[in-house]
Amino acid sequence: MLKIKDLHTHIEQFHILQGVNLEVPDNSVTVVLGRNGAGKTTTIRSVMGFYPNMSGEILFQGKSIAKLPPYTVAKQGIGYVPEDQDIFAGLTVEENMRVAMRREDDTTLERQEWLLDLFPDLREAWKRKGGHLSGGQKQMLSIARALVNETPLLLVDEPSKGLAPIMVEKVMEAMNVIRETTTILLVEQNFIMASQLGDYFYMIDEGRTVFQGEMQLLKDDEVLRKKYLGIA
Amino acid sequence: MKTTTKVTAYTNPSSGLNPLRIITWQKGAWIVCCLMLFAVPLLITKNSYLFLLTNIFIWSVFAMSYNLLLGFTGIISFGHAMFFGIGAYSLALTARHVPGGEVGFILAILATVVICFVLSLIVGLLSLRLRDTFYALITLAVATIFVIIAEQWRSMTMGNDGFNFTASLSRDLFGFINLLDRRHVYYIALIFLIGMFLLLKRFIDSPVGRTLQAIRDNEARAASLGYAVLNYKLISNILAGVMAGLAGVVYAISIRFVSPDSVLGVENTIDVLLMTVIGGVGTLLGPIIGAAVVEVSSHYLMGLANIHPIFERWVILFGVVFILIILFFPAGIVGTIKQKFLSKKKGVSS
Numbered sequence: 001m002l003k004i005k006d007l008h009t010h011i012e013q014f015h016i017l018q019g020v021n022l023e024v025p026d027n028s029v030t031v032v033l034g035r036n037g038a039g040k041t042t043t044i045r046s047v048m049g050f051y052p053n054m055s056g057e058i059l060f061q062g063k064s065i066a067k068l069p070p071y072t073v074a075k076q077g078i079g080y081v082p083e084d085q086d087i088f089a090g091l092t093v094e095e096n097m098r099v100a101m102r103r104e105d106d107t108t109l110e111r112q113e114w115l116l117d118l119f120p121d122l123r124e125a126w127k128r129k130g131g132h133l134s135g136g137q138k139q140m141l142s143i144a145r146a147l148v149n150e151t152p153l154l155l156v157d158e159p160s161k162g163l164a165p166i167m168v169e170k171v172m173e174a175m176n177v178i179r180e181t182t183t184i185l186l187v188e189q190n191f192i193m194a195s196q197l198g199d200y201f202y203m204i205d206e207g208r209t210v211f212q213g214e215m216q217l218l219k220d221d222e223v224l225r226k227k228y229l230g231i232a
Numbered sequence: 233m234k235t236t237t238k239v240t241a242y243t244n245p246s247s248g249l250n251p252l253r254i255i256t257w258q259k260g261a262w263i264v265c266c267l268m269l270f271a272v273p274l275l276i277t278k279n280s281y282l283f284l285l286t287n288i289f290i291w292s293v294f295a296m297s298y299n300l301l302l303g304f305t306g307i308i309s310f311g312h313a314m315f316f317g318i319g320a321y322s323l324a325l326t327a328r329h330v331p332g333g334e335v336g337f338i339l340a341i342l343a344t345v346v347i348c349f350v351l352s353l354i355v356g357l358l359s360l361r362l363r364d365t366f367y368a369l370i371t372l373a374v375a376t377i378f379v380i381i382a383e384q385w386r387s388m389t390m391g392n393d394g395f396n397f398t399a400s401l402s403r404d405l406f407g408f409i410n411l412l413d414r415r416h417v418y419y420i421a422l423i424f425l426i427g428m429f430l431l432l433k434r435f436i437d438s439p440v441g442r443t444l445q446a447i448r449d450n451e452a453r454a455a456s457l458g459y460a461v462l463n464y465k466l467i468s469n470i471l472a473g474v475m476a477g478l479a480g481v482v483y484a485i486s487i488r489f490v491s492p493d494s495v496l497g498v499e500n501t502i503d504v505l506l507m508t509v510i511g512g513v514g515t516l517l518g519p520i521i522g523a524a525v526v527e528v529s530s531h532y533l534m535g536l537a538n539i540h541p542i543f544e545r546w547v548i549l550f551g552v553v554f555i556l557i558i559l560f561f562p563a564g565i566v567g568t569i570k571q572k573f574l575s576k577k578k579g580v581s582s
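Residue numbers (the working numbering), protein chains in the order written: chain X, 1 to 232; chain E, 233 to 582.
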């Protein structure tokens, strides 16, 4: 689904990504792990086209999307759920969803209904402004908005960040349903969530891919977890 | 059709309110308001009051156009008055140089629309892809160029002195409009305000309007949803520019005089910024309330000079009024009332 080869990204004078290699197979959940500042968020933001000052190859369904602007990348069918949810605070939940729709046809509306069934909290808060939602509701809205169009690949950046444990559980349940129809590239610090959802993992350290494999491998390797994630 | 109905028909199941009832009540209030305003010239014969109300209507449209940029798209402009001035000068110059009232009038409107469209497109293309501060500075620079042109091209504009064109205004436009009759000008300004308000409301509620608000809230996020942000900002910029230009045309009809300071000066941009902030940034009604507050307070504060010479410095008093409004209405008059109403409603429902 997605292949990243030797990705280098500069932000101002800083050379943040110094050779990220990554592959996301179809119908899988691939998790990007690493310490704070390792370059995880920069990796998915580079895929979305937020950094024109990058080099390397990014292939989505065999087609190069490197250096395309974010709106063109999104139109290829890549949904993006950013780290801080970034919902439109001045718009209601309904308006947030409608803004995200590329077409208001039956298929899209059916997807919206499915998403509202998946996140019933959003149905309850339908007419409420985005700025008045709780952190968990914002996260749900952010995910729902990214999925309201046909989305073969979903990039999710730390969905559990700053959420209460109950909300983390809800989001995780939803992600488990979403994975049945959508390939997911997930950046996550919460190893419990990452290990339960992920099929494969990539470990990034100092802007480079340093380790990769099936998630089971990481679950079993305490030394590796301690070395790169600081957890036993 | 089926699809659109499906989305709009969906309402919050926890809310017991009937949306149709609210819409009808609101529409009724608007119609009563409009009818009252249409009846004003029949009740008030004093020209100074009609002139004041006419100016409020015109400045409301000008402020609404600024609010489209600032409140609904998140763009700050320091040179918005150039569009207003272009409209005013177009009307004044055609009134002076083109014989035949209707031809000149139509020509002024066409010239305003075309020039404002092209100018806002060029300025937008040059600056909107950069940071917001660049846009503000570029608009200020371009606006200053227009002020200099108006000052220096004396043969055409009479320079800093400006010119009065009362004598050139047709007494019989389209057979029934007398531009020298204050009541007629009042109705033109009122219809213009209502028309522009409805247009803007429709635009804001449209998918493009919603996208602009999304861009205002979070530009990067809107881009990652598939929106070409620059194109949408350009649409907003062009619409705001043309609206301000048309407000300038009506303003020229009302004051029958143009000079660089009166219609092109940066103070005009500051005034609409003030009106927008006082009324409520990002609200449809805010700029109208803001324009009314600024125009009425400056009118009456200026009048206080007859009581005591200290009131000749009425701008200081106006500053105090402005500070008080910001203290008590931090989100503008309409914005704060709306917030209070919403939090009260939230409190009741919870």
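Heads up, some of the hints might be wrong.
Stated by the list, open to error - Under the rule of at most 27 Å between Cα atoms (straight-line distance), these lysine-lysine pairs were calculated in the DSS-like manner: (1) 161/X - 433/E; (2) 278/E - 127/X; (3) 129/X - 67/X; (4) 433/E - 259/E; (5) 219/X - 129/X; (6) 127/X - 67/X; (7) 129/X - 278/E; (8) 259/E - 226/X; (9) 433/E - 570/E; (10) 129/X - 570/E; (11) 433/E - 127/X; (12) 219/X - 170/X; (13) 226/X - 127/X; (14) 67/X - 5/X; (15) 75/X - 5/X; (16) 129/X - 161/X; (17) 63/X - 5/X; (18) 127/X - 572/E; (19) 127/X - 259/E; (20) 5/X - 219/X.
Hints are computed from structural coordinates only; laboratory data are not their basis.
Outcome of the hint check:
1. 161/X - 433/E: 38 Å, violated
2. 278/E - 127/X: 47 Å, violated
3. 129/X - 67/X: 34 Å, violated
4. 433/E - 259/E: Holds, at about 13 Å.
5. 219/X - 129/X: Roughly 41 Å between the alpha carbons, so the hint for residue 219/X and residue 129/X is violated.
6. 127/X - 67/X: 37 Å, violated
7. 129/X - 278/E: Given that 27 Å is the threshold and the Cα spacing comes to 46 Å, the pair is violated.
8. 259/E - 226/X: The given pair, whose Cα atoms are some 65 Å apart, is violated under the 27 Å limit.
9. 433/E - 570/E: 17 Å, holds
10. 129/X - 570/E: 13 Å, holds
11. 433/E - 127/X: 19 Å, holds
12. 219/X - 170/X: Since the Cα atoms of residue 219/X and residue 170/X sit roughly 23 Å apart, the hinted pair holds (cutoff 27 Å).
13. 226/X - 127/X: The given pair, whose Cα atoms are some 46 Å apart, is violated under the 27 Å limit.
14. 67/X - 5/X: Judged against 27 Å, a Cα distance of about 14 Å means the pair holds.
15. 75/X - 5/X: 22 Å, holds
16. 129/X - 161/X: 22 Å, holds
17. 63/X - 5/X: 13 Å, holds
18. 127/X - 572/E: 17 Å, holds
19. 127/X - 259/E: Measuring from Cα to Cα gives roughly 20 Å; hence the hint holds.
20. 5/X - 219/X: 26 Å, holds
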